[in-house]
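Participant: Going down the list, the sequences are from chains R and Z.
Residues 1 to 394 (this note's numbering) make up the first sequence, in order.
Residues 1001 to 1394 (this note's numbering) make up the second sequence, in order.
Keep in mind that the hints were calculated from the coordinates and are not lab data.
Where hints are given, some of them may not hold.
Beta-carbon label-pair distances, calculated as ranges [said to hold, decoys possible]: (1) Arg1372/Z x Glu176/R: 50 to 60 angstroms; (2) Lys1351/Z x Pro209/R: 48 to 58 angstroms; (3) Gln34/R x Arg1343/Z: 55 to 65 angstroms; (4) Thr1256/Z x Gly90/R: 47 to 57 angstroms; (5) Glu280/R x Gly1249/Z: 28 to 38 angstroms.
Some, not all, of what chain Z presents toward chain R, calculated at C-beta under 7 angstroms [said to hold, decoys possible]: (6) Ala1196; (7) Val1200; (8) Leu1292.
Positions of the beta carbon are idealized from the N, C-alpha and C atoms, including for glycine.
Protein chains: 2
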Amino acid sequence: MAESIPEKKLSESVGVVSPVYLDFQEPLPLASGQVLENYTLAIETYGTLNADASNAVLVCHALNASHHVAGVSASDPNDIGWWDNMVGPGKPVDTNVFFVIGINNLGSCFGSSGPASINPQTGRPWGAAFPVLTVEDWVRAQARVADHFGIKRFAAVMGGSLGGMQALSWAIQCPERVAHCVVIASTCSLSAQNIAFNEVARRAIITDPEFYGGDYYAHNTVPKRGLSVARMIGHITYLSDDDMAEKFGRAQRNPTEDGRFRYGYDVEFEVESYLRYQGEKFSGYFDANTYLLITRALDYFDPARRHGGDLSKALANVQADFLTVSFTTDWRFPPERSRELVRALLKNQSKVTYAEIDAPHGHDAFLLTDPRYHAVVRAYYERIVRALDLEVTA
Amino acid sequence: MAESIPEKKLSESVGVVSPVYLDFQEPLPLASGQVLENYTLAIETYGTLNADASNAVLVCHALNASHHVAGVSASDPNDIGWWDNMVGPGKPVDTNVFFVIGINNLGSCFGSSGPASINPQTGRPWGAAFPVLTVEDWVRAQARVADHFGIKRFAAVMGGSLGGMQALSWAIQCPERVAHCVVIASTCSLSAQNIAFNEVARRAIITDPEFYGGDYYAHNTVPKRGLSVARMIGHITYLSDDDMAEKFGRAQRNPTEDGRFRYGYDVEFEVESYLRYQGEKFSGYFDANTYLLITRALDYFDPARRHGGDLSKALANVQADFLTVSFTTDWRFPPERSRELVRALLKNQSKVTYAEIDAPHGHDAFLLTDPRYHAVVRAYYERIVRALDLEVTA
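Go ahead and model the full structure; you've got the sequences and the hints to work with.
Facilitator: Printed below as a string of C-alpha cells:
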C-alpha cells in the first residue's frame, strides 16, 4: 500500500509503521478504587533504543489521537501520524537520535483496552462497566511500557493539550523517570469553562437515546448524533475566533445564483458545512464511551488539589527540566494557564524554558507547522542531546 | 397575587403589568418570499404616551426574553421583567417621562404568533411550516405596533444582544421613525464562531429524535434533550471565562466527606450542576422551533451584505443618533464588533456616543446592574429628554 506514498515524503518521515500490542497481566489499581485485572496497550515506536536506554522519548496524545504519532500506517497509506511534522528523521524530535514511543491511552478506542473492548469476565464489551480513569491511571499504565523496554528514565516525556497534562503527571508521579518534560498548549487543571464545554459534550452523548446508558454495543448501535454534536462543540474550542473568521467568515455554502439565502435550517454557511462534516466523520470512528472517559479524566486532573491548591507543592518532587509552550490565540488553554505552571516551577527552582508563540490558529496550533514553534522544540531537544550526551543511532 | 411583592419593590418598578395581544390582519411579506397572512404580537407598555406621541421607546428583546420588559407579571408575582433594573420610574429609561413598549418577537413563544401557534389554514400548530424570519421581518412586523399607537417616530429604539441588532435594523429600515438608537452588547453581523455555536445548538435540537422534523406538537412531545444541550452551549457563551471561574471554579458539588471524587458521569462539579439546571429549566418553557428560528435570524442579519460588505453604506440613510455600549469581557459580541459599528457611523458623520464598560460578567453584563453602565444609559436618555423637549407624564 505504501507504494502510493511519494518517495520524498517517506524519506523525510519515519516511514511505514505498524502498531504493537502489549498485554499486561498484572492488575492495575485505579484512582477510583477499582482494579483493572489486565489490559492491552497499542504502541508504536520510531528510531532505535540505544544500549543504555537513555534516548527514549514518550509522546502522549490528546483526546482523539492515538499511538500513531508519526509515519505512514502500514494498513492505510492515507493515515499519517498526528505529529508527523514534529517526530521523524531530522525533525524537531529527531528519530535519528531518539527512540520515540507513542501509546494509545488506556480507555481509548484505537487498540488499547477500553469500553469497546471485550470484558474478559463477561465475554461482552465493557460498555458502562469500564472503569472511569484519571491521568494518573494512564501514567501508571504507561510506566509498564517503559519497564517492558528497560527504560529507567525517559530522555523526555512530551505532549500537547491533554498529552501535556500526562507529561506533567509523569514528572510528578515518576520524578526519577523523567529527565525532561515538554508541556505544550496545556494546563495544570481545567477551568470552569473547560469543564462546562466537556459537560455539554457529554450530555449530548448521554442523552442520545442510542447511548443506552453506555451499553449501545449490545444494541448494535452508536450514539452518532450525540457524538457528532460533542465533536462540533470541541472543534469550535480548538480554533480561534479570528482563525474561523479567516477560514470561513460568513461565506455562503454553494451560493445561490442571486446570492439570496435559502431561508432554512440546512447548511447555509461554510462554517456549518465544515462543522457538520467534522462531527459526522468523528462519529464514524470514535467511541462515545471513550469520549466520556477522556473528557472526565481531563476534568479530574488537578495535581494541586491534594496540596490545598498549591501547585508548587504538587511539583515539589519533580526532577525534570521543563519546556513549556503556549499559543497566544489558544482560548481553550490560554498562555496564562501555562504561566501558572512556569511560576510554580520557578518557585521550586526547577529549570524551565517557556515560549509563548504568537500564532493565529488557537489551540490547534500545537499540531501545526509553525517555524518559530518548531525551532523552539528543536533547540530544546538539541539541548537534551548535549545534556544526556546522546549519539546518532540511525 | 401581587400582594406578595414588597411595597418598596413595587413602588420602584412599573408595578403589576399584563400583556396585550394585538392582531394584525394585513398580510406581512417576508424576506424569504413567503407571506404571513395575519399575526398576533404580545406587547406590554409602561408609562404614558404623550399627546404628540413623541416620548415612545421601543425595547427589543434577546433570544429567550419577551415583551415582559419591566414590572411584575399579573399572572405570576415571581415573574419580574427581564430589564426591570433599566426600565421604570426613576430608572435609566424613566417611565415617568417615556412610554416604553416591549414586543414579543414574531416567531417567539410568549404570546406572539410562532411555530407553536395554530396555523389558521390547518387548524394545527404551524411546526416546521412556520416561515423562517429575519431581523428585518421583525422590524416590519413591529412597525405596525407603532402605527397602532400613532407613533410616527420613536424617541428611541433600544436593545441588547439580538435586541441591539433589531434596534440597528430599525434605524436602517425606518430611518425617519427612529430619533435615537441604543445598541448594547451587540454586533452588525455574527462571526463564523457565533454562527458555529448557533449551528451546534440547532443540530442538538434537530437531531433529537423527539423533534420529528419540527412537528413534535403533533406527537405530544418536546425535544427536551436537544433544547437543553442548546441552552447549555448558549449559557457558556453568555458568561466570561473569569466569571465562571469566580462563580464555580473547580468546586465539587455536594463534596464527599473525604473530598474524593465520585468517578462517574453524574454531576461532580458545581458548574455541571448549574448548566444542567439551566438546560432543564429552559427546555421546560421554551419552544424548540423558536430556538431554531431566532438563532437563524441572528445568523442571517448582515445589513452590509447587500452593500458589498460596506457597513457605512448600509448605514448611509440612518437619521438616528446612536448610543453604543459594549463590555470588555463579552466574548460573544466583543467590543471590537461594537467599534465596527461606531467607525461606520462616524464615517457617515452620524452622531454616536460609545461606551466600553470594563465589566467582568461577559455578554450577560448587559442585563446586570452596573453603576457605570446604567449611568451612561441614564445620561443618554436625559439627553433625549432635553433634545426632544419631553416632560414628565406621570
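Participant: Could you run down the list of hints and mark each one as holding or not?
Facilitator: Consistency of the hints with the structure:
Checked against the hint of 50 to 60 angstroms, the pair Arg1372/Z and Glu176/R passes, with Cβ atoms roughly 55 angstroms apart. Lys1351/Z and Pro209/R have their C-beta atoms about 56 angstroms apart, which keeps the hinted 48 to 58 angstroms range intact. In this structure, Gln34/R and Arg1343/Z meet the distance hint of 55 to 65 angstroms, their C-beta atoms being roughly 59 angstroms apart. In this structure the supplied range 47 to 57 angstroms holds for Thr1256/Z paired with Gly90/R, their Cβ-Cβ distance being about 52 angstroms.
Distance hint for Glu280/R and Gly1249/Z: a CB-CB separation of about 35 angstroms, consistent with the stated range 28 to 38 angstroms. For Ala1196/Z, the interface hint holds, the least distance from its beta-carbon to any beta-carbon of chain R being 5 angstroms, beneath 7 angstroms. Checking Val1200/Z against chain R by beta carbon gives a least distance of about 4 angstroms; that is within 7 angstroms, so the hint holds. Hint status for Leu1292/Z: holds, given a least beta-carbon distance of 6 angstroms to chain R, under 7 angstroms.
The structure agrees with every numbered hint stated previously.
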